[in-house]
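Model the full assembly from the supplied sequences, consistent with the hints where possible.
Protein chains in written order, with the numbering used here: chain X, 1 to 326; chain E, 1 to 316.
A hint or two may mislead.
What the hints assert, rightly or not - Residues on chain X that point at chain E, a partial pick, calculated with CB under 8 angstroms:
no., residue
1, 92
2, 190
3, 222
4, 267
5, 272
Just so you know, these hints were derived from the structure itself, not from any lab. Heads up, the beta-carbon is just placed ideally off N, CA and C, and yes, glycines get one too.
So the chains spell out like this:
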Amino acid sequence: MVQELLLEIKNLEVNFYTYRGVVKALNGVNLKINKGEFFGLVGETGCGKSVTASAVLNLVKNPGKIEKGEIIFQGKDLLKMDKEEIRKNVRGKDITMIMQYPNAALNPVVNNGDQISEALIANKNITEDEAKKRTIELLKDVNIPEPEKIARQYPHQLSGGMAQRVMIAMMLSTKPSLLIADEPTTALDVSIQAQVLSLLKELVAKHKTTILLITHDLSVVAESCDRVGVMYAGDMVETGEVNQIINNPKHPYTKGLINAIPSERSRELIEIKGSVPDLVEPPSGCRFHPRCSCVKPICKKGKPQMREIEKNHFVACFLYEKQGKA
Amino acid sequence: MEELIKLKEIKKYFPWKKQKYVKAVDGVSLSVNKRDIFGLVGESGSGKTTLGRVILRLIEPTSGSIFYHGEEIDKIKKIDKNLRKKMQIVFQDPYSSLHPRKKIKDIIGSGLRTHHMVKNKGEMIEKIENFLNLVGMGKEHLYRYPHELSGGQRQRIAIARALILNPEFVVLDEPTSSLDVSVQAEILNLLKKLREELNLTYIFITHDLFLTRIITEKIAIMYLGKIMEYGDTQRIFKNPLHPYTRALFSVIPRLDAKMRSKKIILKGEIPSPVNPPQGCRFHTRCIKKIGDICENVSPPLKEIEDNHFVACHLYD
Numbered sequence: 001m002v003q004e005l006l007l008e009i010k011n012l013e014v015n016f017y018t019y020r021g022v023v024k025a026l027n028g029v030n031l032k033i034n035k036g037e038f039f040g041l042v043g044e045t046g047c048g049k050s051v052t053a054s055a056v057l058n059l060v061k062n063p064g065k066i067e068k069g070e071i072i073f074q075g076k077d078l079l080k081m082d083k084e085e086i087r088k089n090v091r092g093k094d095i096t097m098i099m100q101y102p103n104a105a106l107n108p109v110v111n112n113g114d115q116i117s118e119a120l121i122a123n124k125n126i127t128e129d130e131a132k133k134r135t136i137e138l139l140k141d142v143n144i145p146e147p148e149k150i151a152r153q154y155p156h157q158l159s160g161g162m163a164q165r166v167m168i169a170m171m172l173s174t175k176p177s178l179l180i181a182d183e184p185t186t187a188l189d190v191s192i193q194a195q196v197l198s199l200l201k202e203l204v205a206k207h208k209t210t211i212l213l214i215t216h217d218l219s220v221v222a223e224s225c226d227r228v229g230v231m232y233a234g235d236m237v238e239t240g241e242v243n244q245i246i247n248n249p250k251h252p253y254t255k256g257l258i259n260a261i262p263s264e265r266s267r268e269l270i271e272i273k274g275s276v277p278d279l280v281e282p283p284s285g286c287r288f289h290p291r292c293s294c295v296k297p298i299c300k301k302g303k304p305q306m307r308e309i310e311k312n313h314f315v316a317c318f319l320y321e322k323q324g325k326a
Numbered sequence: 001m002e003e004l005i006k007l008k009e010i011k012k013y014f015p016w017k018k019q020k021y022v023k024a025v026d027g028v029s030l031s032v033n034k035r036d037i038f039g040l041v042g043e044s045g046s047g048k049t050t051l052g053r054v055i056l057r058l059i060e061p062t063s064g065s066i067f068y069h070g071e072e073i074d075k076i077k078k079i080d081k082n083l084r085k086k087m088q089i090v091f092q093d094p095y096s097s098l099h100p101r102k103k104i105k106d107i108i109g110s111g112l113r114t115h116h117m118v119k120n121k122g123e124m125i126e127k128i129e130n131f132l133n134l135v136g137m138g139k140e141h142l143y144r145y146p147h148e149l150s151g152g153q154r155q156r157i158a159i160a161r162a163l164i165l166n167p168e169f170v171v172l173d174e175p176t177s178s179l180d181v182s183v184q185a186e187i188l189n190l191l192k193k194l195r196e197e198l199n200l201t202y203i204f205i206t207h208d209l210f211l212t213r214i215i216t217e218k219i220a221i222m223y224l225g226k227i228m229e230y231g232d233t234q235r236i237f238k239n240p241l242h243p244y245t246r247a248l249f250s251v252i253p254r255l256d257a258k259m260r261s262k263k264i265i266l267k268g269e270i271p272s273p274v275n276p277p278q279g280c281r282f283h284t285r286c287i288k289k290i291g292d293i294c295e296n297v298s299p300p301l302k303e304i305e306d307n308h309f310v311a312c313h314l315y316d
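This is the structure in structure tokens:
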């Protein structure tokens, strides 16, 4: 099957100009997402996963600045596009996003139904009655029981899981090509998390929605995604299909991450020595080298390039320099 | 094995509007052995945090008794200062549990002063330094403020503050849930090491089941203020009996595709603790419901095998 490219990020660099100095948040990130794919972006706090998402939506605000790179979405470079055009035709329409705290993202003084209808009317030139009808259908699509009742209620009357569903319904209302989900289940209990994840999977299967899932939880990615990208301190360190990353991780950081999480595999937790570096003064060369157990002199000098070491499996590490192609 | 803490029919009802109560903890009995790590597991609203605080009597139970070393403590009007010293707590969020305007030395040292455990300032600083070293930090942190530290470092400070009073028993209320996974591993390994060195007993409150398997000896799984299943950790993992436990186990995300069983996705949400379901608390979402008995009679905890208790009518 030939896969059609939906989003390609090339060499993206983002800096934040703070009083402490320049935070080098993204250090030349590359990423490809195909149509109809469920892509997981994993990493710890401060690794740049959310900044990547905001760059795609053109939401990097002062003091942040996109220094260079390309974000090619459906053949067009979003970074060269007019901001107003992005606002009108891309953000909230072709690319939508759900957030970690749905209750903070919903308007507390507008009822759930009207919030969704509003998005429909703004984007789709339909009458209010049609929008209302469509809203109920959307709520049904995300498995909300009694959609008419929920539509009349306000966000504070919903539980976390329900509010997240309302968010998903709203974000699907414009039939986006790409749905970005930024830690959508982090604030939810496991049983509710399972409901929301199975809903997202259903969307990929049924509506051919492409989803970019941002999370810190590797097991969530293992359960739901097709492909994964692992980020560390502003660098993409490894990408590949889910089973390649989970069962045959190559980058020392990915290996460390898998050993550090409590999972069905672990008998004890193996910590990654040291802590995430301050990105005002990131380590030279490979940003992981101060914590890496396989560090070589070359790691301190140059930045390792992404290399394909097996089909679709890329890793940026000097250990694999001789294998694979750049 | 010596029993350190025993709870009998602990209830905690919080008043709620007219004549109503939030039944946060509703009849919990359990016992914690000395030097064990006891895991208290449940989803939000299950009452695990309330129970943890009731054990320390940070909040007073509505009814029931707490035994410490076999002696009942909840009948004493004001908790004995010496007893207070023996029982400590580490809170979930290290960003709000440390005083933002106090230096690390004052945060860790205030307990020492309250309990008159040091004679002079020099001795106090020396003791604080020792404990900073114990939790993997150094004397360079003495005069810093919490905002200068990372989440993991703050949690280490909170642990040092709890341990400096030489407690026997510490309640750890989700001590790692606000931390990154690599930091979480560090803190958990530290807590395990400290238990060995200082002969501690922990109650570990968490929502992460795999975590309990790695570090605890015994667990209790709570749902809406009641214990559903309770006993030896390895035994429960090998053979979960309660339908709720089984559902929970089935939905935790797993790394290996081979290890995934069919997901039992629970319908709906946890009912309100103001008006919990009659009979078995779980019957409204249970897929194994056998009939009227589940709706009417609350099942008692029953020992099914050695050290493995379940509250479910399926095993009557």
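TODO: List in ascending order the numbers of the hints, as given earlier, that are violated by the structure.
DONE: The structure breaks only hint 1.
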